[in-house]
Amino acid sequence: MDGDMLFYFTYETGDGEASGLEKEWIEDPLFKNLNVAKAGNVHKVDDVIWNTAGGVIAANLMLDDIEKYFVK
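According to the numbering used here, numbering within the sequence shown proceeds without interruption in unit steps and concludes at 1378.
FYI, nobody ran anything at the bench for these hints, they're computed from the structure.
Glycine included, C-beta positions come from ideal geometry on N, C-alpha and C.
One thing to keep in mind: the hints can contain errors.
Stated by the list, open to error - So the derived label-pair ranges between C-beta atoms look like this:
1. Asn1366 - Asp1334: 30 to 38 Å
2. Val1377 - Glu1323: 28 to 36 Å
3. Ala1343 - Ile1372: 31 to 39 Å
4. Ile1363 - Glu1333: 20 to 28 Å
5. Ala1359 - Gly1320: 15 to 23 Å
6. Asn1366 - Pro1335: 32 to 40 Å
7. Phe1337 - Ile1363: 30 to 38 Å
8. Gly1361 - Pro1335: 36 to 44 Å
9. Ile1332 - Phe1376: 20 to 28 Å
Build the full structure now, drawing on both the sequences and the hints.
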């Protein structure tokens, strides 16, 4: 698993557990060794837009995110 760009989201239920796991994952030496992480091309995206929402508005918001990261 080593692409040019990596998007991820964290589904947080309110107890902070998912955020803790996210931090553990992002700080793991194996993750940091990925070329995409070394290049700084790891981007956290909004779970609501990328995972739980649906429809045209959410699709457009997702495309806006993709454009923002690819055009920079």
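Honestly, do isoleucine 1332 and phenylalanine 1376 meet the 20 to 28 Å range at C-beta? Given about 21 Å between the Cβ atoms, the range holds.
Taking the beta carbons of asparagine 1366 and aspartate 1334, is their distance inside 30 to 38 Å? holds, 33 Å
Cβ-Cβ distance between glycine 1361 and proline 1335: within 36 to 44 Å? This hint holds: roughly 40 Å between Cβ atoms.
Cβ-Cβ distance between isoleucine 1363 and glutamate 1333: within 20 to 28 Å? Violated, at about 34 Å.
Just tell me: holds or violated, for the beta carbon distance of asparagine 1366 and proline 1335 against 32 to 40 Å? Between asparagine 1366 and proline 1335, where Cβ atoms are some 37 Å apart, the hint holds.
Indicate whether the distance between the beta carbons of valine 1377 and glutamate 1323 respects the range 28 to 36 Å. holds, 34 Å
Kindly confirm whether 15 to 23 Å is satisfied by the beta carbon distance between alanine 1359 and glycine 1320. holds, 18 Å
Are phenylalanine 1337 and isoleucine 1363 spaced within 30 to 38 Å by their CB atoms? holds, 32 Å
Just to be sure I understand the hint, the distance between the Cβ atoms of alanine 1343 and isoleucine 1372 should be within 31 to 39 Å; is that true here? violated, 19 Å
Checked against the numbered hints given earlier, the structure breaks hints 3, 4 and satisfies all the rest.
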